[in-house]
Amino acid sequence: MFGLLTLILARNPDHVVPALAVLLAPLIAVHPFVVADKADLRTLYAVLPVPHRTVVLGSYAWAVAGFLGTVGAGAGLAALLARAEGVPLHGSDLVTLLGLSWVLFAVNIGVQFPLLIRFGYARISVLGTVLPLALVMVAVVRLHLSFPTLQHWLPLLCAAGPVVLAASAILAARLPGPRA
Amino acid sequence: MTGDLAFALRGVGSAVGGGFALRDVSFELPAGYVMGLIGANGAGKTTTIRCLLGMRGIETGEIELLGHRMPGPVALRQDVGVVFDRTYLVGDWRLAEVERTLRPFYDRWDGTRYRELLDEFGLDLRARVKDLSRGMAMKLMIAVALSHRARLLVLDEPTSGLDPVARSELVGIIGDFLLDEGHSVLFSTHITSDLDRIGDYVTLIHDGRVVRTGPKDEILAAYRVVRGGPDDLSGLVGVELIGVRRTSSGAEALVRTEEAGLLGSGVLVEAPTLEEIAVPAAVDAADTAAGTAAEPPARGERVNAVVRMTQLHLRTVAPYRTLGLWCSGC
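For the record, the sequence lines run as chains A and B. Using this note's numbering, the first residue of the first sequence is number 1, and each one after it goes up by one. Using this note's numbering, the first residue of the second sequence is number 1, and each one after it goes up by one.
Treat the hints as calculated values from the structure; they're not laboratory data. Each statement offered as a hint is correct.
If you only want the chain B side, here are some residues facing chain A, beta carbon under 8 angstroms, derived:
{"#": "1", "residue": "Val-74"}
{"#": "2", "residue": "Val-82"}
{"#": "3", "residue": "Val-90"}
Everything numeric in this text was worked out from a predicted model, so none of it was measured. In this text, a Cβ means the ideal position worked out from N, Cα and C, and glycines have one as well.
Using the sequences and the hints, build the whole thing.
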């Protein structure tokens with residue numbers, strides 16, 4: 001949230017949407033796991049006549065919906081900010097940053113969710129947060145990725161997002177939940 | 001599959017860490033009856049229930065639930081109402097939200113029944129789950145279980161921490177549930193008096209093993225409690241005393257019913273309660289597990305179980321400390 005406020009205070013509306021998507025969407029995504037740990041929802045899921053697979057897919061659906069909602073809210077906020085500041089929105093930059101936000105989000109959720117589903121939030125929250133970031137950083141360094149390079153590969157990367165999420169969901173649905 | 005069983009566990013073993021939480025657990029309940037699962041804290045009651053409900057994997061044996069071998073179809077959960085010793089609903093939910101949230105999952109959810117039950121239990125639809133007392137939360141869980149027309153009610157330590165009035169109310173609620181002959185109840189507790197009113201079958205579990213299982217009346221009829229003066233239970237011939245307890249004013253033990261006639265007129269012989277049977281049975285189970293039962297007291301000899309009780313004290317008395325087991329030399 002500090003980073004988000006910094007970006008807003010920097011008065012650059014182009015950065016508001018990706019900042020929200022990168023910073024806020026993952027928090028929204030993991031919220032069900034936080035509540036599940038706090039309220040023992042895993043027991044509720046086990047008691048309700050609902051398959052484990054449905055619960056898992058629901059978690060992914062919630063995460064994607066959270067991302068889209070965040071992007072929508074961010075777009076509105078960016079438009080308001082641009083109007084208030086009297087500066088134009090740079091569409092191409094915005095699309096690029098948004099695309100990168102989507103890729104980061106997909107990698108983050110794709111890696112983090114199977115761990116959360118298997119071990120629960122309380123046991124895996126730190127590793128679940130650090131591991132995706134570490135993977136991205138390693139990829140950036142090892143592949144010598146730069147902003148222009150990423151812009152070039154962006155369509156492919158964006159298309160890979162759903163594939164990563166689908167593969168992650170299939171894996172997560174096969175995993176048992178944490179043992180009571 | 002046996003259609004007229006509410007459930008059956010056959011040779012069930014479940015591992016935890018490097019060891020077994022349950023070993024060769026076998027018992028079954030015919031549909032339409034109440035079974036009490038009795039055991040001290042940590043005996044394996046909750047683990048057994050979680051295995052039964054498919055919430056925990058098993059390494060050996062098989063489980064049958066309402067005619068389905070587990071893991072059964074997810075739809076089977078429509079027929080099972082589950083009440084654990086603490087609520088698994090979100091604390092911030094109001095009771096009206098509980099219904100709105102759970103209703104879509106159950107084909108036979110009866111909203112009218114839910115509201116009637118809340119009203120009967122004195123629960124306010126506007127109250128939040130986290131603000132309910134333990135007794136009220138228990139009633140809420142039962143209201144949920146009864147509102148989706150479950151056929152089998154599984155209650156894990158529902159009376160633990162409840163005051164006597166709330167416990168009595170709960171037993172009454174279960175009694176009402178049993179008015180339908182197709183309804184069955186598995187009720188785990190370490191408060192055996194809860195089962196005196198409603199229990200049809202009893203399973204005693206100790207250290208992850210079933211010590212005794214069967215119809216409650218048969219188990220109760222198999223034993224008698226004998227009470228007498230400090231020396232009245234010494235030097236008896238042909239009688240095995242189980243779980244002798246001595247105080248400065250008298251002695252008390254359990255005997256097999258067929259041996260009670262040998263006691264003579266100097267002692268008082270009474271029908272036991274489940275609690276009076278459960279503790280010695282657990283002690284005997286620990287005895288057997290330790291191998292000290294290889295040489296049981298010979299019939300016809302003077303039997304004094306006190307020494308054996310002393311050996312077992314450290315292993316077995318702790319869970320039953322409140323019952324004041326006596327041992328010599330402690």
